[in-house]
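Number of protein chains: 4
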Amino acid sequence: MAPALVSLARAASRLATTAASRGAGLAAPLGAAPGLAGRRHLQAGAEPTKTLKPLMIVDFFPDVAASTAKEYGIPESGKDYMDVVNHPDIEAVWVCSPSSLHAEQIIAAAKAGKHIFCEKPLATELSQVDDVLKVVEDCGVKMMLAFQRRFDPNFARVRQAITDGVVGDPFTFRLTSRDPAPPPVEYVLKSGGLHNDMAIHDFDVARFLMGCECTEVTALGACRVDPKIGSEGGDIDTALTMLRFENGAFGTVDNCRQSPQGYDQRVEVFGSKGQVSFGNNYPSGVEIADGASVRSADLPHDFFLKRYEEAYMNETIAFVDSVVNDTPVPASGWDGRAAMVMALAAKKSLNEGRPVKTSEIQA
Amino acid sequence: MAPALVSLARAASRLATTAASRGAGLAAPLGAAPGLAGRRHLQAGAEPTKTLKPLMIVDFFPDVAASTAKEYGIPESGKDYMDVVNHPDIEAVWVCSPSSLHAEQIIAAAKAGKHIFCEKPLATELSQVDDVLKVVEDCGVKMMLAFQRRFDPNFARVRQAITDGVVGDPFTFRLTSRDPAPPPVEYVLKSGGLHNDMAIHDFDVARFLMGCECTEVTALGACRVDPKIGSEGGDIDTALTMLRFENGAFGTVDNCRQSPQGYDQRVEVFGSKGQVSFGNNYPSGVEIADGASVRSADLPHDFFLKRYEEAYMNETIAFVDSVVNDTPVPASGWDGRAAMVMALAAKKSLNEGRPVKTSEIQA
Amino acid sequence: MAPALVSLARAASRLATTAASRGAGLAAPLGAAPGLAGRRHLQAGAEPTKTLKPLMIVDFFPDVAASTAKEYGIPESGKDYMDVVNHPDIEAVWVCSPSSLHAEQIIAAAKAGKHIFCEKPLATELSQVDDVLKVVEDCGVKMMLAFQRRFDPNFARVRQAITDGVVGDPFTFRLTSRDPAPPPVEYVLKSGGLHNDMAIHDFDVARFLMGCECTEVTALGACRVDPKIGSEGGDIDTALTMLRFENGAFGTVDNCRQSPQGYDQRVEVFGSKGQVSFGNNYPSGVEIADGASVRSADLPHDFFLKRYEEAYMNETIAFVDSVVNDTPVPASGWDGRAAMVMALAAKKSLNEGRPVKTSEIQA
Amino acid sequence: MAPALVSLARAASRLATTAASRGAGLAAPLGAAPGLAGRRHLQAGAEPTKTLKPLMIVDFFPDVAASTAKEYGIPESGKDYMDVVNHPDIEAVWVCSPSSLHAEQIIAAAKAGKHIFCEKPLATELSQVDDVLKVVEDCGVKMMLAFQRRFDPNFARVRQAITDGVVGDPFTFRLTSRDPAPPPVEYVLKSGGLHNDMAIHDFDVARFLMGCECTEVTALGACRVDPKIGSEGGDIDTALTMLRFENGAFGTVDNCRQSPQGYDQRVEVFGSKGQVSFGNNYPSGVEIADGASVRSADLPHDFFLKRYEEAYMNETIAFVDSVVNDTPVPASGWDGRAAMVMALAAKKSLNEGRPVKTSEIQA
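Residue numbers (the working numbering), protein chains in the order written: chain C, 1 to 363; chain W, 1 to 363; chain A, 1 to 363; chain F, 1 to 363.
Just so you know, these hints were derived from the structure itself, not from any lab. Accuracy of the hints is not assured; some may be wrong.
Since the list gives no way to pick one copy over another, a pair counts as held whenever it fits inside one copy or between any two copies.
What the hints assert, rightly or not - Derived lysine to any residue pairs resembling SDA-like cross-links, with alpha carbons at most 25 Å apart: (1) K70 / D335; (2) K190 / E104; (3) K70 / N325; (4) K273 / G230; (5) K306 / A292; (6) K273 / A292; (7) K70 / Y187; (8) K306 / Q362; (9) K273 / Q258; (10) K53 / S77; (11) K273 / G285.
One chain only, chain C, in its complex shape:
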């Protein structure tokens, strides 16, 4: 399977203009401004990332690349990721290939001077991650890791509340993160395990919210949902992980491969001054009350594509913005490495039945 890569054109001034007009629109007084309605309709159709000009997409199956290119109006498509790497007009690449190909493709792109947006993980082995980080640093390109939750309004608002001091010193936290339904065993076998594949997002969130490093991990886990995930996949499907952080806070990550109500993503952080939390997002806010029950009209969003739709938009904008304005990426390769270390510590803790220091994990 080859990578799907797209490119970024130079259009810095455009992005800034759009952002300004957007802010102005929201502050406009009471619909009284002449032309406001017209602007609104333009904005409804305005590309939030107009600065981003996709130039090429490649895929192991070139037909898929071609049809996707057609669908999204991308001028070029192909099969070989080196065509992207060698393309003179391409400034940045999106690495969305299978995890096992990430390291090789990132290194090639970095050496060609392209900025890189990469799906997690950077690589499947910690030693490879370190290789990748070194190459990227040496090449002086930007690399952002796709920890999209940092760009979700809820997660970002919790972080803001913490930095605003609402929570005070964080004491404890809990992150709930459950998928709607278990993947097939074939997926599990290639996934690197629940900690690497699923909990790693929560581990990143824990670091993002605490604003410091995790020092110790204690993991409980079991195969409760689908026995084949254990017997054939060698993995767990239900996990409870206790994390201890440098700031003295500790908390839990609570994962399950199955959630009957839908995709379950909730956070609570508690501290010396108060608590901040959020529950699930729903397709609508409608409530039904009848003789059977008082209930939300809908279940929570079914899965990550819809739940994090705004976050995907925001992270794309954030990456483009950091490239265009040459500012630090808000989720770096080092963040990816740290979350991977936590996942490895969790796996070790589960295997050995004891708390594991993150310092025990070596590349």
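Fit chains W, A and F to the known structure of chain C by using the hints.
Just chains W, A and F now, with coordinates in the frame of chain C:
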């Protein structure tokens, strides 16, 4: 002030393709599909209304038209709305000019064979509305009125619950609709009054939800927020309107020009089998609990641009869709007329201190 | 049907003592006080109205009176309400007989110098109410009307928020009050109609919350739940009533004889500074989230006995307290008269299809 | 400090009668029953535990015993707990003395043939607990432990949902239990430590909800709230404890000696079919929305006396009921022992930094 008009290019196949891919993406199993992440990033940047190609924008102030055109990548701009009407490549126009110019511009566009998307109201007098409706019908063009709430996930979900039979026979309803802060008196003077300017959206929602016509209106009103709205504007700023419908249901529309917590948009419909309702939307779902209070981290959305962001997108898509596929528009000029009749009845009821039948209102 | 009367013994010091100990218990620091647990168990079994010593109960069916007396440990029982009126040790009577007997029994009790707690209404005709009020005043006894909602934590908290200034100047309000299921036609025929029987509680709440008098009533109504309520009972079962108050506020009372989700009791008051509101009470706060829905584990309380359990306790304590300490009753006969005037105005408005001033209603 | 003891008189028929009338009252149709209002007022003043006749109270300070006896109408008081033990009319005793005296007093009462209601813990050492359990068993008296949460509507409703099968097989759970403000160090020194004093209630809840035994405990803890609790009290004030149960479920207990929003008591149980949970209880359900925030009008209940008011009533009724009807107590001495073992395992886990099996704990 001249109109802001944009145009629609032929790209029917594109819209269908995008819609299909979108649906497929949402239904994709558990993130396991190869290339899913790549598609996600493409979608994040994908124009939801790619079918819509803005070709020209005109404004009474041509500098404003020119700079907006530049900002949104629109090839042409100008001052005279007839340039849009006479443009050979333009299929559809968006009429977003001051209300007093709507009738003239709609009629010109219709006679030129353009489809029309128009901000409410169609015209400032009921007799003009009837003229407009006749011309549009005679010309065989489509005309859609910008009642965007019909396209909001909450309003649409309530309507669906009603048609699904969850409510049974509707007995009563209440629509709360309050603006964050009162407009200046200058705005009030040109607005046509609270019933025409503000409550008319709720009147349309009441018809949309009930699925039949309003027969009687009883209005209470007062100037409570800003005395100048009464003394200089000749208007009220706080209103309570009782509506009676053909299906035997009655209910209230509760309006105010001021709402300290922000833009307040809520609905409740109660019937023989149950009740369906929704509350306000918030920038985030975060809750803070400390020694002061347990509260939402944010106030509800500040105003309509943000609150109905998704609805504006959806209504634009819906109009384009009905043009491209030649299907009926989901909010027609007749809907606009009916809401205007309700607003006129409300004004008459307020003035005369008695219930007014909608049949009393004549063009 | 004869009245059920009970009596009040002198035990002023006891009530005060209990109240003090109760307050102290709540303020006790952290369970550390010696004997706290012991006190807690005593309090759990402590009679909240120990000051109240029921001495006699009478009923048209003396067997019922006797068995109830036995059940509740009341020393005497009987058939004739004059036995209560003439009982030398009885200080206060509870008039809980059918409405048609209230006036006669209140007058007898007042003339015998007994304080009176009376279920609403004071009488079935306004002229009788005025007679009752005059006798009670002349006799110098206290009379409290059973508007228990004033003593419910939610209604009382809304009133407090208003007097605290949270709402600012009240602009609009809405009171929803729906019974779980319609009564039989026999009940309707004796009830005095929905406005007198059901909405009157809401009319009292509206006065209680606004803190001033209602000046105008506009009523809509229909028979939607059970056609027999209309055809045989001559009544409506679904009502919407607009009330206008001296303070410039207006609002609605929304009643229905049927509510599929259970007893529906909600309030919202909106004003210049903010809004205060509450929803329904539930047997538990438990939420269930599964593949079917996300819902409250229980429906709201089924009816008034459970919903207002605490309010009944509080109103009894409040009446006893005003007798023992010789303070004004918190819900007087004049409050009962005012609510009855509103009900009569609503009925008149419904019949005549126009707003009716409360000043039009004469005894 | 001497014990506070009260006694139980024979009145089995009374309790049954009251319970029946209560049920009937709640099911009465629509307020139409003659005499219903009268019964309601009687019920408002009806003693829920009329069967319970307190006969004597003793306290190390006899003046306190005497004044409390007077306040609650208890005929006798004294200083020596043996006066209760030897009282011929007393059937049951409430042991509410300091923990260090429980074992001695329970044994004396049991040997005198009295049934026993005891505040937790049964004794301060596990070996003493075993002694107590043996004596109680040998004497054939009933002993109930004051785990009042089992009798709270929320906790009980969660348990019911689990036994109803709503959750399916329990996978994970989390219990949050935070006190409003830390106790003084003097209290901490005598408390037996956070696990024994505070978390023990949650450990009992975990067993109650899971319906089986805890097999392993892993504890994290820190002194975050008040450094003196650590330095002088030798205790922690913030704890996170992972529990593993025989049914394969695992979960957390999250404790803190401080909670800025008030007493924080929440539960979530997640399983193969769904999730059941509840949040905090509030003095009222009123919400305020103004320019500052949208918030609950009140903070959650301040502490256990108010939060568990209904639970204290219910547990007293339940104990009396099991004595009167000779049925098993719903929270036994064995339940107390099991929770104590969990607390000891948690303490050991905290000290040794490793998971501890409950089977490692020996008397």
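We went through each hint and held it up to the structure:
Taking CA atoms no more than 25 Å apart as the test, K70 paired with D335 passes in neither setting, with 35 Å inside one copy and 39 Å between copies. For the homomeric pair K190 and E104, the shortest alpha-carbon distance inside one copy (18 Å) is at most 25 Å, but the shortest distance between copies (62 Å) is not. Proximity of K70 and N325 under a CA criterion of 25 Å is satisfied inter-copy only: 21 Å between copies versus 30 Å inside one chain copy. Proximity of K273 to G230 under the C-alpha cut-off of 25 Å is restricted to the inter-copy arrangement: shortest distance 20 Å between copies versus 42 Å within a copy.
In this assembly of identical chains, the alpha carbons of K306 and A292 lie at most 25 Å apart only when taken from different copies (20 Å versus 29 Å within one copy). Taking the shortest alpha-carbon separations for K273 and A292, only the inter-copy value of 10 Å comes in at or below 25 Å, while the best intra-copy value is 40 Å. In this assembly of identical chains, the alpha carbons of K70 and Y187 never lie at most 25 Å apart, being 29 Å within a copy and 47 Å across copies at closest. In this assembly of identical chains, K306 and Q362 lie within 25 Å of each other by CA distance neither inside one copy nor across copies; the values are 37 Å within and 48 Å between.
In the homo-oligomer, the alpha carbons of K273 and Q258 lie at most 25 Å apart only across protomers (9 Å), although the nearest pairing inside one protomer, at 34 Å, exceeds that limit. Taking the closest pair of Cα atoms, K53 and S77 come within 25 Å of each other both inside a single copy (14 Å) and across two copies (24 Å). For the identical chains of this complex, K273 and G285 are inter-copy neighbours only, at 20 Å across copies versus 30 Å inside a copy, given an alpha-carbon limit of 25 Å.
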